[in-house]
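Sequence order for the protein chains is Y and Z.
This note's numbering puts the first residue of the first sequence at 547, with every later residue one more than the last.
This note's numbering puts the first residue of the second sequence at 219, with every later residue one more than the last.
Among these hints, one or two may not hold up.
Claimed, not checked - Far from chain Z, by Cβ distances over 10 Å, these chain Y residues were calculated: (1) M601; (2) V642; (3) K689; (4) S962; (5) A1016.
Said to hold, decoys possible - Partner residues are not named here, just some residues of chain Y that face chain Z (Cβ under 10 Å, in silico): (6) N670; (7) L674; (8) M785.
As the list claims (entries may be wrong) - Cβ-Cβ distance ranges computed for the label pairs, FRET-style: (9) Z/L277 x Y/Q807: 34 to 44 Å; (10) Y/P817 x Z/Y358: 37 to 47 Å; (11) Z/T249 x Y/H1076: 51 to 61 Å; (12) Z/G435 x Y/S698: 51 to 61 Å.
It is worth saying that the hints were derived from the structure and are not from the lab.
Think of the CB as a built atom: it goes at the ideal place given N, C-alpha and C, for glycine as much as any other residue.
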Amino acid sequence: MANHPRGRLMQDYSTKRFLLVDDFSDFRSSLKAMLRDLGARDVDTADCGEDTLAMCRHKRYDIILHDYNLGAGKNGQQVLEELLIGKLISHQCIFVMVTAESSQAMVLSALEHEPDAYLTKPFNRASLIQRLDKLVERKDALKPILQALDKSDPAAVLAASVTLSQQDKRYAPLCQRYRAGALRELGRQDELEALLSGILADRATPWACMALGNLLQARGQLPRAREVLEQGLQRFPMMPGLYDGLAAVLLAQGESSRAQQVLEEAIKLSPLAIRRQMELGKLALQNEDFASASRAYRQAMEQGRTSLFKSPDNYLGLAQALTAQAGDGSLDKRVQADINQTLGELQKSYSNDPLVQVRARLTHAQSLVKSGDPALAKKLTDEAMSQLGALDQLFSAAVSLQVASQLRELGQAQASDALLKNCVEVYGDDPLVMQGIAKQTADPDILGAASEAIDLNRQGVRSYQMGRFADALALFRQALQHQPKNISIALNTAQSLLRLGGDKPDEALLDECRRCLQAVRMLPPSDPRHARYQQLHNKAFGP
Amino acid sequence: MSTPPEGLEFSTVIASTVHDMKNSLALLTQTHSQWLGQLPEALLHNREHGIIEYEFARLNGMLVQLLGLYKLGVNQLPLRPAHHELEDFIEAQLARHQEVLQSRHIEARCDVAEFGLLGFFDQDLLGSVVANIITNSIRYAQQHLLVRAWEAAGGVVLSICDDGVGYPEAMLVKQSDYALGINHSTGSTGLGLYFAGRIAALHERQGLRGHIEISNGGPLGGGEFRIYLP
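Pulled out of the complex, with its shape left as it was, chain Z reads as follows:
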């Protein structure tokens, strides 16, 4: 990374700081969970614990996203797609959120239409997108979260739905704006969708690009996020 003579470029400062913040947060999370191991059972399942777990996950997701957006900007985001089992991928995502889900008493389910369904994607990039969406859904879900996957037009669709209040009407109407990055000034959800849209579009097959879609209703009655990967 080059340093312009008049001083540091701010995006570089952010990227390098975010990197350190991520490491710091990792240590914090880990130490916290070790500390929890020493607490009596009665203190483990209280409200504060749930909040801490949730905010750890949210912070981590935001930092990963910020770093990803920076790398997208400087064209250094590594894309390394390969075939992966959808069920394995989804289970891994849900396992990452297990503490938060438990502490919020949300039941999460994985439902893959066909045994052994494979998708072709960058596991790490899609993982950060899905983690952010799940974190967001957990915030609005009442008690259910459903992650599904099925085959469509030679590619796969991955869908995340909850039983919350759903996306605001205004967002549904303007969703293509988020994906295109025209309007991403409406807080973290907007930025998250923008990031998801960019990651989806990096997945390309024979001229066909991946894309995202949000809607309300769905099988659980709340918000539904879909990502299509060709």
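Only chain Y is shown next, with the shape it has when bound in the complex:
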């Protein structure tokens, strides 16, 4: 197998489904001819990334040859990210990035969403065969791992990568990477840290450096995380992902203006990145650098229009930054028109999302106060308030805080307090949320409302961790009596009930469990606990 002569066909391509994407029709036809030469029969073509996404929704491709630089639309890297995150392609699909200059494309690629290979133009038939043969061979060998990834089964990924790295040492480094990903998914942080530290002690390896930095940050070991990422950047100064990681650590350390600088460097390297622009907008807004904030949010909004990463936060952030940019002075007519257009587009594209409608109206009202139209501002505020009363989903904690402060600025102190109180009831166990609430109010009725329940919840968690499930349940039940809407407490109670119920829980127990979950059914899908809620829900109600 190792020494097949160059140019001789080794793999069978007649049954593979190909998609090739390039904006030059000449290139498409010459590549298509090459593929036919290799025996390919099923070859689809497209000329832009938007089409790639649409086509992958309808057909499962085995091999995609995708140009990187496609002119005006999305670039190949953006397409690949959306394909992977949107699960539009299987992990078993071969994705080859075709570039005029591969180093440039590699800089811009996110480490966690790398293509299987780069192919630099111009390439000949022999290079194409050699590359594809190798990739097919590799994907075949990795099949058990890739299948487990497709099923989102990290335990199986872990087992399969251990097996394969013992069978074939060529794949050992790749397997290490899959192993690291699986350990992270499984929350086995000690093992993950040992694995990554071991790799880095041997060699400065970009992906391991980023993974260790992120892990240490998640574990709250900020100085160590910072050290790892800074060392990584010294070796690999052209890797935007490392800047992202470092900016997050700096922000957690309270150095928000330094964090902004670091993120700006990453943007210089790689400006076509919606989520990075959005992060920068958020940071700059927080740092009251409104010019940078509006620039970044505008980029995120424009790039996001046709993207999976489109987010209302970018439209709202842009409007907010533009309003704030005026300072204490009044808002220019042109700026107000810009804001109207931004929010108009937002309301149109999220017309079915009442949460967005409330936020858009409040943000719009704030700008109108500044540009001297208090009547319309009042009307929009009133509309928002009545919508607010009828919501059937909760805001995330961060958005709750933001909306509460907007209401306060618009003279609706009572509604603002009510929202903060609700926020304490639902998210009160999170000290960061409580800090945010304390910045807006000193009212002891609001701030102290949850303290007893939170203390009971904490004791319950300790008992649960020690395996004293009955004690834990008693504490969680008590906590829940004080704060029936608290998400953590409700989920903890439900989990303890199911744990005690064993394989065949009785009806009374299931009923109680269902009631707990019903009380927090409005939790936002963006909440990190949503997956856990879903799991418990499936157990209590059946899938």
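Got chain Y sorted already, so can you dock chain Z onto it with the hints?
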């Protein structure tokens, strides 16, 4: 990239022009090969064809190198090392040169000491170095080219040899100068070695840096280029 008030910096001009030249050359090469597809078999294997293929490869290699040297100068050369199979890497390099090798009737062989040997390097950067060396070897080779790889001191050695006349004695004596960049005024080979030396040195492991070496003799009797990657 910033523009000094008194005018454009010349290196920036070069970098941006080289970029366009590369794209232009890519289109030229591709169109040429499409055109060849329409020619009768008899016209395909003549001398002119070989020259065109060879000069395309040489031009492309020089442009890549020029862009690389520019980026080294402004500290923007991306380094992204990972584990790669040496045999796969070498086969990919030889495949890139298949037309030239055929038209010059040079037989190229890949010989990796151990099945599945892995190296830790930036595939793209090392690829541009190796492509230049192969192009150079093709020029001097009579009929054989050999690319080998083996493990050495925890790292790997990649060697490219030919059956040509070998490097001039003066270059062998002063080779550390090329690697250090002290003397790179002796034409493209010198510059190529300088570039190779810089790329090798970017590969570092626990304080040990990569390096290059040239010699004559070797298994094919001609020149031999070695790059050591820790």
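>> Flag every earlier hint the structure violates by its number, smallest first.
In response: Hint check: nothing fails, all pass.
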